[in-house]
Amino acid sequence: MIQRTKGEKAFGGFNIIFLSLLSICALYPMYYVLMASFSDSGRLMSHSGLLLYPDGFSLQGYKVIIDNANIWTGYGNTLFIVIIGTIISLVVTSMAAYPLSRKSFTLRNFFMLMITFTMMFSGGLIPRFLVVNDVGLYDSIWSLILPVAVNTTNLIIMRTAFAAVPDSLEESAKIDGANDLVTYARIILPLTKATLAVLALYYGVSYWNSWFTASIYLRSRSKFPLQLILREILIANDNVNTDNELMAESIKYAAIIVSTVPILCAYPFLQRYFVKGVMIGAVKG
Amino acid sequence: MKHTQRILALLMALCLILVSACTGDENSSSQESSQQEASQATESSVTEDSTAPPAEGPESYSMPISEETITLSLFSQLDSKASVSIGTMEDNYTMQYYESISGVHIQFFHPSSATSIGEALNVMISSGEYTDLIGSIMNASDGLDTLIENDVILRLNEYIDQYGYYLSQVFEEYPEFYTQVLTYEGNIGLYPTSRLDPSTRYFESFVIRQDWLDTLGLEKPTTVDEWYTVLKAFATQDPNGNGQNDELPFVGNSNEQMGVYRLGSLFGFNACFYKEYACSILDGKVTFAANAPQFEDYVTTMAQWYAEGLLDPEYASTDATSWQEKVLSDLGGCFYGKMNGGIGTLLGSYDYENRDPDFNLEPIGYAVTEDGNSYDFYSQEIFDQGGIAISTACEHVKEAIQWMDYMYSEEGQIMCSFGEEGVTFEYDDQGVPHYTEMITDAENLSLVQAIAKYTMGGIAPRMVNDLYYWDAVMSFDQQRMVYDAVSVSTTERKVPQSLKYSMEDQDRLTMLMGDIQTYYQETLNAFIMGTKPISELQQFRDTLNSMGLEEAISIMQASYDSYISNNA
Amino acid sequence: MPAKTVSRRKRSLWHRIVRDFIFNKYNYLLLAPALIYYILFHYVPMYGAQIAFRDYYVTKGILGSDWVGLKYFEQFFSSYYFGRLVTNTVLLSGLNILWGFPAPIILALLLNEVRNQVFKKTVQTITYLPHFISLVVACGIIIDFTKQNGLINDIIAFFGGERILFLQSPEWFRPVYIISGIWQEIGWGSIIYLSAIAGISQELYEAAKIDGANRWQETWHITLPGIMETIVILLILRVGKLMSLGYEKVLLLYNETTYLTADIISTYVYRRGIQNAEYSFASAVDLFNSVINMALLLIVNAISKRVQGSSLF
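Chains as they are written, first to last, in the numbering used here: chain Z, 1 to 285; chain V, 286 to 853; chain B, 854 to 1166.
Certain hints may be false.
Unchecked claim - Part of the chain Z face toward chain V, derived, beta carbon under 10 Å: (1) ALA69; (2) TYR138; (3) TRP142; (4) LYS174.
Unchecked claim - Sample of chain Z residues facing chain V (criterion: CB under 10 Å; computed from the structure): (5) GLN60; (6) ASN70; (7) THR73; (8) PHE129; (9) ASN133; (10) LEU201; (11) TYR217; (12) ARG219; (13) LEU228; (14) ARG231; (15) GLU232; (16) ILE233; (17) CYS265.
If you're looking for bench data, these hints aren't it; they were derived computationally from the structure. Glycine is no exception: its CB is placed at the ideal position from the N, C-alpha and C atoms.
Throw the hints in and build the complete structure from the sequences for me.
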């Protein structure tokens, strides 16, 4: 190990302090929500300044949320969408990214242009809905997966990762008699586990957070994903002709916690795999 | 497989269009046959009523509407009070009870409340797969006339004449209700929801901290000058007694339903864009707020109040609920609020133990202007712009009409609001219904939430805002005072809610008002907050005119004129 | 003579296509699902974008609605707010890229310098957190923290400053938007760069150490160039979306008093298109947006091709 200079040591110190501050800034709001969810609604409302511990401990918010049947069906639906959706998206994206990254594929620029073009032009809500309706996906849980199965940005990231795999590997596989399918599945995919892990996370999170398409494409409440239910709880509707109850603040915060905790719990495991994946990529690359 | 399904669907749609076209014709055979069926049904269960109605009036009927259970699908928003405890109105006790007596099962489709109901409606309409019954139909981007013309929903005039026994009686009793419901083309496109009893049409008012007034020895303000005195006293004399000048005399939020814009009524005009495009009727003319003679006085006063700290500096803030927090934490002294959501909820959730035990909110009426009148722009008409339409996909039109119509009968109204006698409510000696403990003691639910779980009180798909319900949910006397405080004001300057426009006029009006709304709201705020000097008022008016305000107003004026001549 | 050459060229072109197809049959097979997806869910709806030129009525369908030509485009261009909307969109989005784009790169580079793996992992995990908070909730927190008696104002007051009405001052809207955006996305955005840094060959670093390079020089001459391609690609994508800034966050944070700086094209489209259901008008504005976006993307792509050598296409 080479000796660190004074400048490097000082920088290292600043770096640690800076990153610690950044972490506090990132963490505190979530901590605030956690503490608020255990607080008494009435006292919470008039609270100002930092909230370091629950203001008037109360579990009322959680009681209401746990009694809410919608939350649990929403959970089930969201799990289905996240798991199935992520698998489908990964398979389709990586399959498409492979030919698009091959220099030997003559029309790759044409297809690439065709795909990137969709990032700039869209038909808009209603025409898109008409297609979803025509293929029979209206009010189907698949309407939350299939119409968003491929994300163009992710496809480009995947393609870039594939392109970074040295041509020599592919050529030697070809010499051994492997066709494109075999090269893709046996050689390229294992080499890009890191990127696959990242994309799995990207897709997973976007499926987890999606609600807008659900609000348009679904009309049976039994199919609503969690985020949609959550949004209904968090946003009081502004209907003039009805008197809305003041939704107790702690209920909102409890809803946030209940719906965010699973993904936070899953995250460290994903991250471990993901860091490992990064390392594999680094060694092989 | 898929192909045949689609062809089938198409054929069905064609049939439905044909059927609906036929039934629209008075002399059609299909209608006669259904009429026969209906009269047979009533004969089989002979009642005294059956002889009572005049020959050409709608036939009476009795429960059950259908001997065999039929299913109707209904598109209707699930009220947030109900969604706390149930996932669909099919789990609502009264809905189940109504099914058991009527033989009509309602399959609910509740769109998400995360997007506007209008959006969800537009989507359903463009999908071509309509539910049998469509709630909140007035929120669709197309007007009822357009929807009828395009065979999305049925014209109900003839059906109501034939089957709408109770609604027809109500129409006779309240002719103005009937004219309010008619569209520009003379159609009835929906089964209307209504506020038949006058006291149910008033549910908003200015609200003040009465205990602060008492502490400072002040009376409820009745003129703009008195308002100033009271707000000034709130700001300077420390009514919350914490030794700091932290009071925010008037609080509101940017959602202009509840904001500072309502204070325009103190000056005798409507400054609130949300209500009839910020227009008032002044000397028989539809007048836009900025062009009202009172406008300058209003903005000048508001700017002065803002500068003196009488208006919450954050009144335009993005947070829709923070004004309530401010009231609950003894900062806010006066606001514009709803009877239940404002007064009731705040009185109910205030922390009396740890805060001011004397906390008291009371409604105050609209201020008396220079001409000696006070003006109300915000009460409702009988027809409150809600209701359920029958789509062209419906195969049981008669039953659908009767299912909705029954909710207009006296028993039906009580059933909607209170449910089943002996289970969810009991009558007292005077014959007044009261909720049973099943509702009043429901665990983990507030009163209105429990009502929404077990009955249709105050929530869709009930038809009438009924007085008993109105009375039963008021936990505090202060809520009852709203009616007395507000109903004394005259509505002569209020633009009628049910002005009717042709399809083209409505489109034009919406288009013109889009930019005008943005410009009006942001400039009004700039005037009040002092970021724009009031000397630029003329420029403000000129810009508005350059945006086509005059044309928009002339469209409204024409509609108003015909409204007046129709009601004369 | 000329006819013969044409026919030969034709034949050879057809021949080439068939040969290419046979040669690349597995490639086409792999591409097929994505291709179907793009055609079905992107290109077919694109056909529907023509409602911008029609008086679209939901029930009449696309083709059944009357053709009105450029009516809605003219309406938008002559709108009182046209200039302001374009300026606001470009400024908000441009400034957001200017500040928001480098932030995750810097974080990735800083994290790369941390030797303590436990600390590094902790910081990573924590900074990713805000990304998992949904937008509504995040905006609720932002509003809560920036209000007059909110946390940030409490801190300002503690140091003797004047309390600021952040969300009611047009001049504060952009900073609040951008800074909160960095808070939400800095950690998440850094993942891709960390992964790119991890992909740089260790041999390069070892060679540099032998040459006597210090950490700073390593960062400047090896790490940064090593992730440059990723940076450029992401930047192109980001700039290509300059005009299509999402309306949701603005919608949740703005109000009438901040329209001056906060009202952007997409919020305007939302108000007019979704709230007022003026679909044709909204589509026209969207189409205008798309054209500008496309031009931007092509320009940035061309520049990067020339300067950097890496480009999207």
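Going down the list of hints, with the structure as the test:
no., hint, in the structure
1, ALA69, "5 Å, holds"
2, TYR138, "5 Å, holds"
3, TRP142, "14 Å, violated"
4, LYS174, "41 Å, violated"
5, GLN60, "8 Å, holds"
6, ASN70, "5 Å, holds"
7, THR73, "7 Å, holds"
8, PHE129, "6 Å, holds"
9, ASN133, "5 Å, holds"
10, LEU201, "25 Å, violated"
11, TYR217, "8 Å, holds"
12, ARG219, "5 Å, holds"
13, LEU228, "5 Å, holds"
14, ARG231, "4 Å, holds"
15, GLU232, "5 Å, holds"
16, ILE233, "8 Å, holds"
17, CYS265, "25 Å, violated"
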